[in-house]
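Given chain A's structure and the hints, the job is docking chain B onto it.
Just so you know, the sequences run in chain order A and B.
Going by full-length UniProt numbering, the first sequence opens with residue 1, and the numbers climb by one from there.
Going by full-length UniProt numbering, the second sequence opens with residue 1, and the numbers climb by one from there.
Do not take every clue at face value.
If chains are identical, the list can't say which one is meant, so a pair holds when it fits in one copy or spans any two.
Heads up, simulated BS3-like pairs for lysine-lysine below, C-alpha to C-alpha not over 25 Å straight-line [said to hold, decoys possible]:
1) 250 with 64
2) 268 with 250
3) 64 with 187
4) 187 with 76
5) 135 with 250
6) 150 with 193
7) 247 with 135
If you're looking for bench data, these hints aren't it; they were derived computationally from the structure.
The structure displayed is predicted, hence computed values, not measured ones.
2 protein chains.
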Amino acid sequence: MVRIAIDAMGGDFAPEKIVAGVIKTAKELTDTEFQLYGDEAAIRTYLTEELANIKVIHCSEKIKSDDEPVRSIRRKKDASMVVAAKAVKEGQADALFSAGNTGALLASGLFIVGRIKGIDRPGLMPVLPVFNGDKQQFVMMDVGANADCKPHHLEQFGILGTYYSQYVLGVKNPTVGLLNNGTESTKGNELTKEVHQLLTANEAINFIGNVEARELLQGPADVVVTDGFTGNAVLKTIEGTAIALLKTMKKSILSSGLKAKLGAVLLKPTFKKIKSSVNYEEFGGAVLLGVKGPVVKAHGTADETTVYYTLKQIQTIVTSNVITDLVDYFENN
Amino acid sequence: MVRIAIDAMGGDFAPEKIVAGVIKTAKELTDTEFQLYGDEAAIRTYLTEELANIKVIHCSEKIKSDDEPVRSIRRKKDASMVVAAKAVKEGQADALFSAGNTGALLASGLFIVGRIKGIDRPGLMPVLPVFNGDKQQFVMMDVGANADCKPHHLEQFGILGTYYSQYVLGVKNPTVGLLNNGTESTKGNELTKEVHQLLTANEAINFIGNVEARELLQGPADVVVTDGFTGNAVLKTIEGTAIALLKTMKKSILSSGLKAKLGAVLLKPTFKKIKSSVNYEEFGGAVLLGVKGPVVKAHGTADETTVYYTLKQIQTIVTSNVITDLVDYFENN
Numbered sequence: 001m002v003r004i005a006i007d008a009m010g011g012d013f014a015p016e017k018i019v020a021g022v023i024k025t026a027k028e029l030t031d032t033e034f035q036l037y038g039d040e041a042a043i044r045t046y047l048t049e050e051l052a053n054i055k056v057i058h059c060s061e062k063i064k065s066d067d068e069p070v071r072s073i074r075r076k077k078d079a080s081m082v083v084a085a086k087a088v089k090e091g092q093a094d095a096l097f098s099a100g101n102t103g104a105l106l107a108s109g110l111f112i113v114g115r116i117k118g119i120d121r122p123g124l125m126p127v128l129p130v131f132n133g134d135k136q137q138f139v140m141m142d143v144g145a146n147a148d149c150k151p152h153h154l155e156q157f158g159i160l161g162t163y164y165s166q167y168v169l170g171v172k173n174p175t176v177g178l179l180n181n182g183t184e185s186t187k188g189n190e191l192t193k194e195v196h197q198l199l200t201a202n203e204a205i206n207f208i209g210n211v212e213a214r215e216l217l218q219g220p221a222d223v224v225v226t227d228g229f230t231g232n233a234v235l236k237t238i239e240g241t242a243i244a245l246l247k248t249m250k251k252s253i254l255s256s257g258l259k260a261k262l263g264a265v266l267l268k269p270t271f272k273k274i275k276s277s278v279n280y281e282e283f284g285g286a287v288l289l290g291v292k293g294p295v296v297k298a299h300g301t302a303d304e305t306t307v308y309y310t311l312k313q314i315q316t317i318v319t320s321n322v323i324t325d326l327v328d329y330f331e332n333n
Numbered sequence: 001m002v003r004i005a006i007d008a009m010g011g012d013f014a015p016e017k018i019v020a021g022v023i024k025t026a027k028e029l030t031d032t033e034f035q036l037y038g039d040e041a042a043i044r045t046y047l048t049e050e051l052a053n054i055k056v057i058h059c060s061e062k063i064k065s066d067d068e069p070v071r072s073i074r075r076k077k078d079a080s081m082v083v084a085a086k087a088v089k090e091g092q093a094d095a096l097f098s099a100g101n102t103g104a105l106l107a108s109g110l111f112i113v114g115r116i117k118g119i120d121r122p123g124l125m126p127v128l129p130v131f132n133g134d135k136q137q138f139v140m141m142d143v144g145a146n147a148d149c150k151p152h153h154l155e156q157f158g159i160l161g162t163y164y165s166q167y168v169l170g171v172k173n174p175t176v177g178l179l180n181n182g183t184e185s186t187k188g189n190e191l192t193k194e195v196h197q198l199l200t201a202n203e204a205i206n207f208i209g210n211v212e213a214r215e216l217l218q219g220p221a222d223v224v225v226t227d228g229f230t231g232n233a234v235l236k237t238i239e240g241t242a243i244a245l246l247k248t249m250k251k252s253i254l255s256s257g258l259k260a261k262l263g264a265v266l267l268k269p270t271f272k273k274i275k276s277s278v279n280y281e282e283f284g285g286a287v288l289l290g291v292k293g294p295v296v297k298a299h300g301t302a303d304e305t306t307v308y309y310t311l312k313q314i315q316t317i318v319t320s321n322v323i324t325d326l327v328d329y330f331e332n333n
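In isolation and in its complexed conformation, chain A is listed as follows:
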């Protein structure tokens, strides 16, 4: 039985939307146990149905979104996120979910759940949608766990991403690309030039060379490898550009007279469809990969639907045995 430890107090709409998402998922995945960590009274307010596979574990504290990550997880010993992470560490749960403070969740993953032996730097990895390409999706790693990376960290991201793509997303022999400032193999900064050589030499990685940020959303590889600073900037740029464009379009339609207004009414369903495909949250949360159990972060604005998709993703990760086999790989390599 898969058991998921859930930080019920993390996120802008916690605990209400977290609990709502858990109820929706628990009804569908009746063989999975959902452990809700947080203020019991607050959780029970929204726990409108009694389901056998939902448990509530009371915690007296919570990590706030502006808490200093490392300090807060050390001081707030009874915080929902911290207690949930400990449940994973101690084998009472298989995975950790939170929509709360990203830094604190990364710290909980690294310092409480703990790194897989042989992995120097676990990385944060979202699943991103592909537009106008053959693929449905791809993963990118790291997008923010490590602001400074050494070449072999990126090589390990390549292994981690390959395993995830294969086990969880079902891609056969996933391709790995290196995010770089040009496609030629001689391009790059000091870091990517070295990484290019490591990825080329590593036989466990199906390396297809450099990929450029311009082609990212066309899915140039199943796994895109980058340092956490660049990955973070690129991810936030995708988000910011999409939001800015949709806003501009809306404003432009509203201000350009009757003709366009009429068009907007007719186009409403089309717009909605695009908006939801831009929303990469529906493709699942970002996974901290390289720790002993999956630690998954949903966006702070996570609603019932996001929580539902992310929990289903976590169930798939756990049943795929990707972590077990990664532990094996890094023990023997």
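Just chain B, lined up with the frame of chain A:
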């Protein structure tokens, strides 16, 4: 009289569209001299009008888009880009324009036109549009001239950007932001943490702190400072995301039945308006700032309109005296 040296052979549609853009601009800016460097016969084919302020200087070679930058500018001594750069170096022209090979143009700027004394790393700087913000535009630097940067290079980008924003774009006391992975002053990688301190301490810079990639298109600062690797990735991500989104929208409209098709017809003018505002080329080319004369790169796909806007931008740069005053500043600091 402002004299602009133009590489007539650079770009996907050269020399036709370059010459067309020059004719359009030369008619308007009758006090500016336009020097067309390239294959005289080819240029004359498109030079449909004889204007007193257009000169043709024949060159027997050209740099191709896939030529290795540094090697090609050294070997092809009679290439249009190289001869045009020499004209700037030798004082026969005030600025250099090309839509050709970016690497070769950067090399021409650095090795032929030459760095301003005191500037270690000239940077490439585009003017970017602002969506849904108070500002019209902002500049970002570096977006690709320097893949590896030291902290003081970014400090110099702050000065260069400030001068450009003030002299050329007419912004009073321009704000400078540091592209980083969080807004708090303690955030960042090793590089940005050091840069944050340098920018804070520098009295010539109106530093407003860290800015995140998510808010870039809302214009969080007049000048955004970043290393050339990250800046390149961010710029290409903006471009790729905008293109992917507009394509998806088009496809979605076409495939979703009569209702939406009708909407698309009505919305056509609105779409066109958005497309042209996304097109940051209309805001001008990217400037290699920090060399002795403005070196300006237009996109490889530059058409008559892009060439026109970019040449007008160059005229403004030269008449603003920004380069002269930058030379003064770096000589005395």
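Results of checking the hints against the structure:
With identical chains, the CA atoms of residue 250 and residue 64 are never at most 25 Å apart, being 34 Å at best within one copy and 42 Å at best between copies. Taking the closest pair of Cα atoms, residue 268 and residue 250 come within 25 Å of each other both inside a single copy (11 Å) and across two copies (14 Å). In this assembly of identical chains, the alpha carbons of residue 64 and residue 187 lie at most 25 Å apart only when taken from different copies (18 Å versus 42 Å within one copy). Proximity of residue 187 to residue 76 under the C-alpha cut-off of 25 Å is restricted to the inter-copy arrangement: shortest distance 22 Å between copies versus 46 Å within a copy.
In this homomeric assembly, residue 135 and residue 250 come within 25 Å of each other (Cα to Cα) only across copies, at 19 Å, whereas the closest approach inside a single copy is 29 Å. In the homo-oligomer, the alpha carbons of residue 150 and residue 193 lie at most 25 Å apart both inside one protomer (12 Å) and across protomers (18 Å), since each shortest distance falls under that limit. Taking the shortest alpha-carbon separations for residue 247 and residue 135, only the inter-copy value of 16 Å comes in at or below 25 Å, while the best intra-copy value is 27 Å.
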